[in-house]
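The residues making up each chain are set out below.
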Amino acid sequence: MTDQLEVLLLDDEPIVGKRLKPALAKIGCNVEVFENPRAALDRISEKEFDIVVTDIRMDEIDGIQVLEHVTQKSPRTKVIMITGYAMMSLAREAMGKGAFDFIAKPFQPDDLRKVIASAAKALGSSIDFTAAGIDNA
Amino acid sequence: MKVKSSPKNETVSGMEVSVRPNPVEIEEKARRALMARHRFSLKLQISLGFFLVFLLAVGIAAVMVHSMYQVEHKLEFLEIINDYVIEIQQARRFEKNYFLYGTNLDDALDNVYQARDIIERNPDELKQILGKDNHRMVVSNIADYQRLLEQLEDAERRQENILEHRRTREKIEKELREKGHQMVSLSQGLMNRLRVSVSETLLRSRMIHIYFLALLLIMVVFNAYILVSRILRSINRFTKYAQRIASGDFTPIMPRRRFRDEFTDLALAINKMIQELEQREEGLIQLHKVRAVGTLTAGIAHELNNPLNNIMLSAHMMLEDYNQMADDDKKDILNDIVSETNRSRNIISNLLDFARQSSSQVEPLNLASLIRDTIKLSANQIKLAGIRVEFQAADNLPQIHGDVQQLRQVFLNLIFNAIDASKKGDKIQVFVIPADEPDYVAVKVVDFGTGIPEHILNSIFDPFFTTKGKGKGTGLGLSVSQGIITKHGGRIKVSSRDGEGSTFTVTLPVTTIPADLKSM
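Protein sequences appear in the order of chains A and B.
Residue numbers for the first sequence follow this note's numbering, so the first one is 44 and each next one is one higher.
Residue numbers for the second sequence follow this note's numbering, so the first one is 17 and each next one is one higher.
A few of these clues could be false.
Claimed, not checked - Calculated lysine-lysine pairs in the PhoX-like style (CA-CA distance at most 25 Å, straight line):
hint, chain 1, residue 1, chain 2, residue 2
1, A, Lys61, B, Lys440
2, A, Lys116, A, Lys140
3, A, Lys140, B, Lys347
4, B, Lys440, A, Lys69
Unchecked claim - Derived, one-sided and incomplete: chain A residues facing chain B with beta-carbon distance under 7 Å:
hint, residue
5, Arg62
6, Ala66
7, Ala68
8, Gly141
9, Lys148
10, Gln151
No wet-lab data here; the hints were simulated from the structure.
Quantities reported herein were computed from a predicted structural model and do not represent experimental measurements.
From the three backbone atoms N, C-alpha and C, an ideal C-beta is built for every residue, glycine too.
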């Protein structure tokens, strides 16, 4: 399948989106980047994404609330949580609430790509790493 | 590790920075002052007091024995005078017989001799009772009586003729009767006087008994009173010391009296204990600081992940696309890496500042900026907990004198506690304002969290008291904080309402005159 995966990436650190958008585009993801969780929630309400990648700790609205919003809105969407140190309890809570997987900061772009690949597999699509021109896959 | 104070601290507004005097030196100074006085031990006072009371008791016993003896003597003398009166009365009876029947003249004379003998044997007592004139009168009276009787006897013996004899008898009889009568009345007077004197002596003896027993009682009570009041005063003083020490004031006990005694030994022992406590508290403060550093580190470790992640992602993407990448993009990525590295350094520099400095320095400082720095230091914890901090400081607050490190530790602890009590989305308010008392500045840390139940409000400053779960709190935070604040001459108070939050108020004295802590 060559269908593009629709991915929403939410992290209040701008550099995360700036670097990951091209990284994920290489493996065939159409990435929409958000820094503001409220704007992201609005977008999720509008559009059904295949995969949502969200940071757990943010001001105002945290990743768990995003997760809850997504599972309520679109149960088939896979949610991947980005966590930090000292947030393992939150990560476990997220898993309990139906997150697909979590990934701990700091991570390499490939770590996320692999998680996205397995999420894509679970969704029934596949990701071609070689097409992205990545040698260490 | 002892770190030299940074140059910044030594030049704060040109005022001198003093290092806290060593507790061992302070204790030694107090010991010398305490020992410099003369010793007047409790043991000595007790021995002396009881010895004086004993001496008094012996004196009183002697006086009583003497007065008993006097009474006894008077009574004996009363007996003697009674005999004298009987002899005289007997003599007069025989005198009467003689004039009626011509008999018993010898017997009358015998009685007079006896009576005179009695009088002559006790001249001093009689003089004392009768007075000199009366005594002379009594003596001459009985002598006259005796003389007249002897003249009669003489006449009798001479065997004059009846007429002459009768004349002599009649001549003597009149005088004899007169003298006899006078003698009886004098002896009765004597008897009466003696009775009065005996009852006076008895009364005096009874009064002596009563007065001296009362004096003894007063002396015993007075002795007990000065002894007990000396002991009680000292015990009260030491109770106050104990309360003072419990509140964290470790100034040693200084001389308060002009002599030393067993309580001085106690004071020396307590001073030694204070010194040990102070050294141990220094250790506790350090331990507590290490814990605070630990808490801060956890927050920093989390916060550090963000720039690290940014650096990691940027570096990796540059590696992946290095050949295809335009120079501008490369520059952008490298700039990001540099700025994120700077960000990392800033995150840890506050903690390093706090963790590094360990020397105890007293210096003039601005409380508001100290609190602002402390809030900055705990920013990661505040962010992690999802809490807002509102900070307000009154303008133109006077400076205080204190140890930046220790005070920061206190306020960090109060902020950590407020964070622990709050929920995500709550706020914490921190105010620096003039205190209600003049010359004091107050810092209020207000949270709107769980509050402290009234029944434990009094225990929260006790060492090892904690409401946090096992492994979460040592129960030393507030205890150590109270110790630090007391040492700064301030106070830490709490008011709380269950379910509505708590307010911790720290009041610290402002520096009016730079405290000469060096000479302490």
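Going down the list of hints, with the structure as the test:
1. A:Lys61 to B:Lys440: Roughly 29 Å separates the two Cα atoms, so the pair is violated.
2. A:Lys116 to A:Lys140: holds (14 Å)
3. A:Lys140 to B:Lys347: violated (41 Å)
4. B:Lys440 to A:Lys69: violated (38 Å)
5. Arg62: holds (4 Å)
6. Ala66: For A:Ala66, the interface hint holds, since the closest Cβ of chain B sits about 6 Å away, which is under 7 Å.
7. Ala68: Since chain B brings no Cβ nearer than about 11 Å to A:Ala68, farther than 7 Å, the hint is violated.
8. Gly141: Interface hint status for A:Gly141: violated (21 Å vs cutoff 7 Å).
9. Lys148: Nearest chain B Cβ about 4 Å off; hint holds.
10. Gln151: holds (5 Å)
Hints 1, 3, 4, 7 and 8 from the earlier list are contradicted by this structure; the remaining hints agree with it.
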